[in-house]
Each structure stands twice: as structure tokens, then as C-alpha cells.
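K.L.:
Sequence:
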Amino acid sequence: MKEEALGELQRTLGLRDLPFRIEAFDVSNISGILATGSLVVFKGGEPEKNEYRRFRIKRTGGVDDYAMMAEVVERRYRRLLKERKILPDLILVDGGKGQLSITLKVLRKLKIELPVAALAKEYEHLFIPG
1 MKEEALGELQ RTLGLRDLPF RIEAFDVSNI SGILATGSLV VFKGGEPEKN EYRRFRIKRT
61 GGVDDYAMMA EVVERRYRRL LKERKILPDL ILVDGGKGQL SITLKVLRKL KIELPVAALA
121 KEYEHLFIPG
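Quick note on the UniProt record's numbering: the sequence shown kicks off at 1 and runs consecutively.
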């Protein structure tokens, strides 16, 4: 059942490979303070709760979702590269075209080529590069 869902996701996003490992990011804040980023990980369609991470935003001043997303994505993948850990088959970000664009920019900076999609839940839109 889960493999069917992953296959459907693969077809919908036009992915070359089945997205066995998916990492999804969201950023939030409370009234412009306590800014955090969250990472959830799925393997084979199942949540891998021991790999969930929360990031305290360090660099941004004020509310800037794009800068917060950039910081979280860069910290995550810079660390994975440094530690030579496995990269995901797909990255999902909460947001729209802006979050997608900033995530792709960070990945290019790190010389990482991975499929990325953004989900704008407010409008139930899916954004992919191109």
C-alpha cells in the first residue's frame, strides 16, 4: 500500500527514482519571536521519529520565512555532507514558490542536486521547479 503511494508520488512529481527517503521542512514563529524550523523524515512511507529534528533559528532578525527556511535547509545539508550521511530522495518544504526557490538556491550553493517540491496547504497547491 505504501509503495503504491510512493509510486504515485514519484509519477506526480516526475521523479526518476522512488522517493524512499523523504525529508520535509517547516518554519514557524510566535509573534516574531521563538523562531524554529522543523524536520520530519519518512522512510518507505513510514515516519522515522528518531530522525525528527527541531532547529532554533539563529541568524534571522524578525519574521522572514524565506531566510528561516534557508538557514534550516543549509544547516541540515551542510551537516549531512560533513558527516557523509545519506541524502534524501525528495525534499518537501511547507510554502509556495518562494520557499521552493530559496531551498533550491541553498542546495545549489552546497552543490547538491535533489528533487524538491513545495506544498502550500493554504491553497492546496504543489510547486515543483520549472
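By construction, these hints were calculated from the structure, which means they are not laboratory data. A virtual CB, placed ideally from N, CA and C, is assigned to each residue, including glycine. Treat the hints with care, as some may be off.
[Claimed, not checked] Restraint-style ranges between C-beta atoms, simulated for each label pair:
id: 1; residue 1: Gly-14; residue 2: Ile-112; range: 28 to 38 Å
id: 2; residue 1: Ser-31; residue 2: Arg-59; range: 14 to 24 Å
id: 3; residue 1: Gly-45; residue 2: Leu-87; range: 10 to 20 Å
id: 4; residue 1: Glu-8; residue 2: Arg-59; range: 35 to 45 Å
id: 5; residue 1: Met-1; residue 2: Arg-108; range: 33 to 43 Å
id: 6; residue 1: Lys-97; residue 2: Ser-28; range: 29 to 39 Å
id: 7; residue 1: Glu-4; residue 2: Val-63; range: 32 to 42 Å
K.L.:
Of all the hints numbered above, which does this structure not satisfy? Sort the numbers upward.
P.N.:
1 and 6
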